[in-house]
Amino acid sequence: MSAVRRLLVVGGSWGGITASQSVLRALELPADAATALVLHRQPIRSALAEVLGRGIGCPVEEAEDKMPLAPGRVYVAPPDYHLLVESGWLSLSTEEPVKYSRPAIDVLLESAADAFGPRLVAVILTGASTDGTDGARAVRRRGGTVIVQDPRTAEQPVMPQSVVTAGLADVVAPLRDLPAVIARAVDRAGASA
Amino acid sequence: MSGPAGPVDPADGAGPPPVATADVEDVELDVLLEAIQRVYGYDFRNYARASLRRRLWRRVTAEGRSSLSGLLEEVLHDPGAMERLRVDLSVTVTSMFRDPPFFLALREQVVPLLATYPFVRIWVAGCASGEEVYSLAILLREEGLGDRVRIYATDVSDEILERARAGRVPLDKMRTYSSNYLAGGGRDGLSRYYEVEGRWARMDPSLRDGVVFARHNLATDGTFNEFHLILCRNVLIYFDRILQQRVHQLFDDSLVPLGLLALGARESLVGSHLQATYETVDAEVRIYRRSGT
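Chains as they are written, first to last, in UniProt numbering: chain A, 1 to 193; chain B, 1 to 293.
No lab work stands behind these hints: they were computed from the structure. Fair warning: there could be bad hints in the mix.
[Claimed, not checked] Footprint (simulated), chain A over chain B, 3 or more residues, beta carbon under 8 Å:
(1) 48-61
(2) 226-237
(3) 260-274
[Claimed, not checked] A few chain B residues that don't get close to chain A, going by computed Cβ distances all over 12 Å:
(4) T94
(5) R121
(6) D158
(7) R165
(8) E197
(9) D209
[Claimed, not checked] Label pairs and their in silico Cβ distance ranges:
(10) A/E28 x B/L171: 47 to 53 Å
(11) A/R73 x B/G198: 33 to 39 Å
(12) A/R5 x B/I242: 23 to 29 Å
(13) B/P170 x A/A47: 30 to 36 Å
(14) A/D187 x B/N217: 35 to 41 Å
(15) B/D188 x A/R176: 49 to 55 Å
(16) A/E50 x B/S206: 28 to 34 Å
(17) A/P30 x B/V24: 24 to 30 Å
(18) B/P118 x A/R5: 45 to 51 Å
(19) A/G88 x B/G198: 30 to 36 Å
(20) A/R5 x B/T280: 32 to 38 Å
(21) A/R73 x B/E197: 48 to 54 Å
Note that the Cβ used here is the ideal one computed from N, Cα and C, for glycine as well.
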């Protein structure tokens, strides 16, 4: 199993399942990349990984504690756990909700920024909270790239708008353009690293 | 704009963001953990890095510092700051009847096994503020085992144990806990087990009758009894893989043959050196059973 050299992290809230599905279905990533995803939802057992996996050409699975990161895979935060990225694996946490959410997008993005630095691409999709903005700041500080769904194409514009307003978006793109924009960014991510 | 939750970077928003020095911060982190171990004897070096880093930064901000080195300076010269940090690093947030399908499986699959013993010893390892202990005590009482069970509830910190012993839960959480309780097969109403005291729910003190609260450090202490059931849910996720292995071994040394081990819903023995000697009782809720030898 080769190592994951580049990471894509995606955060979505209200409307995020549909949006992330449409992005992941059309997305082609380099062979050394993996994807981690946080969607806000009720803390119940769910079949989110299966639901998301339909029509996506790569395995989608709910993250387990200390699961090694493998290229070509999509990892989803389990309900009621924060999902964190370490350098070669994933870990979970049951610390307090952040901005009323567990899993929180901020937690995923901040930990992934520490672990992947410039080899990280973060995407903020539709949502009605401001979770993701502090995370996006951490991603930028570590040299990663922040891509935001154009709030005008978002089912709920608050979350992407918050990142844009904070001046943290490298690229703002409508939903239908996101797969191409993300693929380009991941391709470039860490090219010099 | 909201304030930064993480490190404060004066260059934020001014021109292209600098590629900050994750490597330097790694060094600072190692130095901080090493120093805390040498000066205070608390060993966090084998804690899972990502969440440890997050909690350390929360303390950096709370202490009005701007780097891990700043925090190091503070904790080295001020035991009070060390104490605040230790509490931050030790408290894992917990809830009552967390993960109701687990409690349902306890009732339906584990209780019948425990009922075959004349007397049952249970270890709740890393009990934090005690929510899991009270949940378990309620369940065992409802299933008719209350009188012949002793629960050993351990954690690393005396104040946290004190909190667990006091058995006070914020009242505003009781609605969620009540629905967890019912979803987990609760037979009555959770309100039967507590009294309202201002903004607190005070758990029925008789639930503590069979409970021993004691300090135990999973990272350094050894086995102290033989148990029929060990619960350690969502504790090992805060440890790295080396420390996880140590604790798995400790549990193995502490279980009777055919003893049961319950882990968190997203934890497992997969990849552990002990995987082969355990059978899975319930894969969905992560209950394992030690082999008979």
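Cross-check of the supplied hints:
Residues of the region 48-61 of chain B lying with their CB closer than 8 Å to a CB of chain A number 7, which satisfies the three-residue condition for coverage. Check result for the region 226-237 of chain B against chain A: holds, 3 residues qualifying (beta carbon to beta carbon below 8 Å, three or more required). Interface restraint, the region 260-274 of chain B with chain A: holds (7 residues with C-beta to C-beta distance below 8 Å; minimum three). Its beta-carbon lying about 7 Å from the closest one in chain A, B/T94 breaks the requirement of being farther than 12 Å from that chain.
Under the 12 Å C-beta cut-off, the non-interface status given to B/R121 relative to chain A holds; the minimum distance is some 26 Å. Residue placement check: B/D158 keeps its beta carbon more than 12 Å from all beta carbons of chain A (closest about 22 Å). Every CB of chain A is more than 12 Å from the CB of B/R165 (nearest about 22 Å), matching its label as outside the interface. No Cβ of chain A comes within 12 Å of the Cβ of B/E197; the nearest lies about 23 Å off, and the non-interface call holds.
Even its closest Cβ contact with chain A, about 28 Å, leaves B/D209 beyond 12 Å, as expected for a residue assigned away from the interface. At about 52 Å, the beta-carbon gap between A/E28 and B/L171 stays in the expected band of 47 to 53 Å. Separation of A/R73 from B/G198 is about 49 Å and departs from the stated range, judged on CB atoms against 33 to 39 Å. As the Cβ distance of A/R5 to B/I242 is approximately 25 Å, the hint placing it in 23 to 29 Å holds.
Judged by the Cβ atoms, the range 30 to 36 Å given for B/P170 and A/A47 holds: they are separated by roughly 32 Å. Remark: the range hint 35 to 41 Å for A/D187 to B/N217 is contradicted by a beta-carbon distance near 47 Å. Distance hint check for B/D188 and A/R176: the Cβ-Cβ separation is about 54 Å, which falls inside the suggested range of 49 to 55 Å. Checked against the hint of 28 to 34 Å, the C-beta distance between A/E50 and B/S206 comes to roughly 44 Å, which is inconsistent with it.
For A/P30 and B/V24, the hinted distance range of 24 to 30 Å is satisfied, since their beta carbons lie about 29 Å from each other. B/P118 and A/R5 have their C-beta atoms about 58 Å apart, which leaves the hinted 45 to 51 Å range violated. Distance hint for A/G88 and B/G198: a CB-CB separation of about 48 Å, inconsistent with the stated range 30 to 36 Å. About 34 Å separates the C-beta atoms of A/R5 and B/T280, a value consistent with the hinted range of 32 to 38 Å.
Here the CB-CB span from A/R73 to B/E197 is close to 49 Å, well matched to the stated 48 to 54 Å.
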